[in-house]
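Use these hints to put chain W onto chain A, whose structure you have.
There are 2 protein chains.
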Amino acid sequence: MIDIEISEVGPRDGLQSIKPIMATADKKRWITALAAAGLPEIEVGSFVPAKILPQLADTAELVAHGRSIEGLNVAVLVPNFKGAENAVTAGAHKITIPLSVSETHSLKNVRRTHAQMLEEVRKIRALIDNLPANERPVFEGGLSTAFGCTLEGHIPESKVIGIAEQLIKAGCDEVGISDTTGFGTPNQVTSMTKGVWAAIGKDKLTGIHLHNTRGQGLANVIAALDVGLTTIDASMAGIGGCPFAPGASGNIVTEDLVFLLEGMGLKTGIQYEKLMQARKILRESLPSEVELYGFTPDAGLPKDFSMATPQA
Amino acid sequence: MIDIEISEVGPRDGLQSIKPIMATADKKRWITALAAAGLPEIEVGSFVPAKILPQLADTAELVAHGRSIEGLNVAVLVPNFKGAENAVTAGAHKITIPLSVSETHSLKNVRRTHAQMLEEVRKIRALIDNLPANERPVFEGGLSTAFGCTLEGHIPESKVIGIAEQLIKAGCDEVGISDTTGFGTPNQVTSMTKGVWAAIGKDKLTGIHLHNTRGQGLANVIAALDVGLTTIDASMAGIGGCPFAPGASGNIVTEDLVFLLEGMGLKTGIQYEKLMQARKILRESLPSEVELYGFTPDAGLPKDFSMATPQA
Chain A
406 MIDIEISEVG
416 PRDGLQSIKP
426 IMATADKKRW
436 ITALAAAGLP
446 EIEVGSFVPA
456 KILPQLADTA
466 ELVAHGRSIE
476 GLNVAVLVPN
486 FKGAENAVTA
496 GAHKITIPLS
506 VSETHSLKNV
516 RRTHAQMLEE
526 VRKIRALIDN
536 LPANERPVFE
546 GGLSTAFGCT
556 LEGHIPESKV
566 IGIAEQLIKA
576 GCDEVGISDT
586 TGFGTPNQVT
596 SMTKGVWAAI
606 GKDKLTGIHL
616 HNTRGQGLAN
626 VIAALDVGLT
636 TIDASMAGIG
646 GCPFAPGASG
656 NIVTEDLVFL
666 LEGMGLKTGI
676 QYEKLMQARK
686 ILRESLPSEV
696 ELYGFTPDAG
706 LPKDFSMATP
716 QA
Chain W
406 MIDIEISEVG
416 PRDGLQSIKP
426 IMATADKKRW
436 ITALAAAGLP
446 EIEVGSFVPA
456 KILPQLADTA
466 ELVAHGRSIE
476 GLNVAVLVPN
486 FKGAENAVTA
496 GAHKITIPLS
506 VSETHSLKNV
516 RRTHAQMLEE
526 VRKIRALIDN
536 LPANERPVFE
546 GGLSTAFGCT
556 LEGHIPESKV
566 IGIAEQLIKA
576 GCDEVGISDT
586 TGFGTPNQVT
596 SMTKGVWAAI
606 GKDKLTGIHL
616 HNTRGQGLAN
626 VIAALDVGLT
636 TIDASMAGIG
646 GCPFAPGASG
656 NIVTEDLVFL
666 LEGMGLKTGI
676 QYEKLMQARK
686 ILRESLPSEV
696 ELYGFTPDAG
706 LPKDFSMATP
716 QA
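Protein chains in written order, with the numbering used here: chain A, 406 to 717; chain W, 406 to 717.
So that you can see chain A by itself, here it is in the shape it has in the complex (with noise of 0.2 Å):
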């Protein structure tokens, strides 16, 4: 039984983020050793064309990769349609489309406005519904930039609860609130995740997706915690980097956020000497010049420090 669920987004939103390509036998290997550590979810990569991200090619094979090992929920990102179509033939548990909230991210970014962004939600659910019940993957919307925009600046929080209301009535199965630019603080934490509670139940919120960029991840995932949210995505080694913050990790570290919970007295299911020859993994697998991020493996657990899930 774990309390928190970390779900480990490195194999897509790190990986995506830098510029050499990790060898498909490299991930596969990584996925491994990840999911031998305890974590439950990962997301393997990203239906998106290899023209536009050859990082991730390989993501079919990666998701073939994930579903034959035991009790591992394999997630996948999506850009639209499409990439739903692919996810679903590869077999994905879990599809996650992600909605900029600032509509001008979103025309940048995928070129789409809002609206044609949820038909596209539309047709999956349609896509998925097709499917027999059994092999359904769960269908969520990722509201991106929530906390606000690079372009835009300040979000409205009315803004991003009207658009996870319209992500759950276009089909989308729960959303997931997401600090694309590392601008979120821990009262918007608290106050954003009330906010659409109450608009479409809490059933339907459970994660969220921080970034460190301006070092404020883990001081948000406390905020998180607080308000009830037990889903945290988090990627290995921080890696990805940010282009506005040299020395920033991207995402938050998942071996500080590991040592943070299960100091805490959470439950995360993590077998954090397992999780360390994952990390080695992952340096084996990079070149040099790729910066691995986080302090606790540096560091090492605290002398005498008992992790709250049981370590074989």
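Hints may be right or wrong, so weigh each one.
The list treats identical chains as interchangeable, and a pair is accepted whether it falls inside one copy or across any two copies.
[Said to hold, decoys possible] Keeping only pairs whose Cα atoms sit at most 27 Å apart, straight-line, the calculated DSSO-like set for lysine-lysine is:
id: 1; residue 1: Lys607; residue 2: Lys672
id: 2; residue 1: Lys456; residue 2: Lys513
id: 3; residue 1: Lys564; residue 2: Lys708
id: 4; residue 1: Lys599; residue 2: Lys708
id: 5; residue 1: Lys599; residue 2: Lys672
id: 6; residue 1: Lys513; residue 2: Lys424
id: 7; residue 1: Lys513; residue 2: Lys708
id: 8; residue 1: Lys708; residue 2: Lys679
id: 9; residue 1: Lys564; residue 2: Lys513
id: 10; residue 1: Lys672; residue 2: Lys609
id: 11; residue 1: Lys424; residue 2: Lys685
id: 12; residue 1: Lys456; residue 2: Lys499
id: 13; residue 1: Lys433; residue 2: Lys499
id: 14; residue 1: Lys574; residue 2: Lys513
If you are wondering where the hints come from, they were derived from the structure by calculation, not from laboratory data. Just so you know, these numbers come straight off a predicted model, no measurement behind them.
Using the frame of chain A, we list chain W on its own:
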């Protein structure tokens, strides 16, 4: 009016941890700039023998400089009675004597047992009581290694509470809790604060000194705020680093803490642009091989971000 007081410890805790010696004139410029940015309290140095810490040999001169700045609270560290004498002569507003809750660490660090340290505290109390009432500095006992020790490992909370009681009994006006080793977790912050409060009263513990060794600094700050602590130590640019964790800042980073607090609507009294000017002075005054930390200075404040503190 400020909601949360940031006590800037960079000139002491930061500079003592790096090898290069910052010129006294540069330190003065930096301290002036920090105060101009709105930092209400600055720990300007430590009265230790210059042989041991040549980086801080100019502490008396910096106390005099700090006192010349209207409204600034000038704090210093002292390891013993001799140091306190020098601090009193120099005219510090606040004197902190650290007492390591881990006696093993205390013996290694200052070669004194707890009993010997408490004897120093009693002598310092007598020294202060001999001063005219309006010249008496605030006398704080710092509970070092309260969250665990690299030598002794786990430190029972009852021990921290016991030492806090003894420090107050021996003559300290107040105590502060200190995560010297970066072992601390949010639950510890909450539980230890409540435990110490129950023993010595809420007015005698208002501040916390956190390290970011395992990346948990700002998460622990959230716990400190939630429980009701009102003074947070931090170091500009997190200077000092940590011997255990390359790339890890030692103290929590003032700049990132300011964004956290102001983003939560808590006034720190800081003028952000002036804080960046102080950082610039620090950068110019240290050799380029000394790494400056902090995510927010690199990323910048979020677009449309409003500080809770009115900006000039």
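Original post:
Which hint numbers does the structure go against, in order from smallest to largest?
Top reply: Nothing - there is no hint that the structure violates, so all of them hold.
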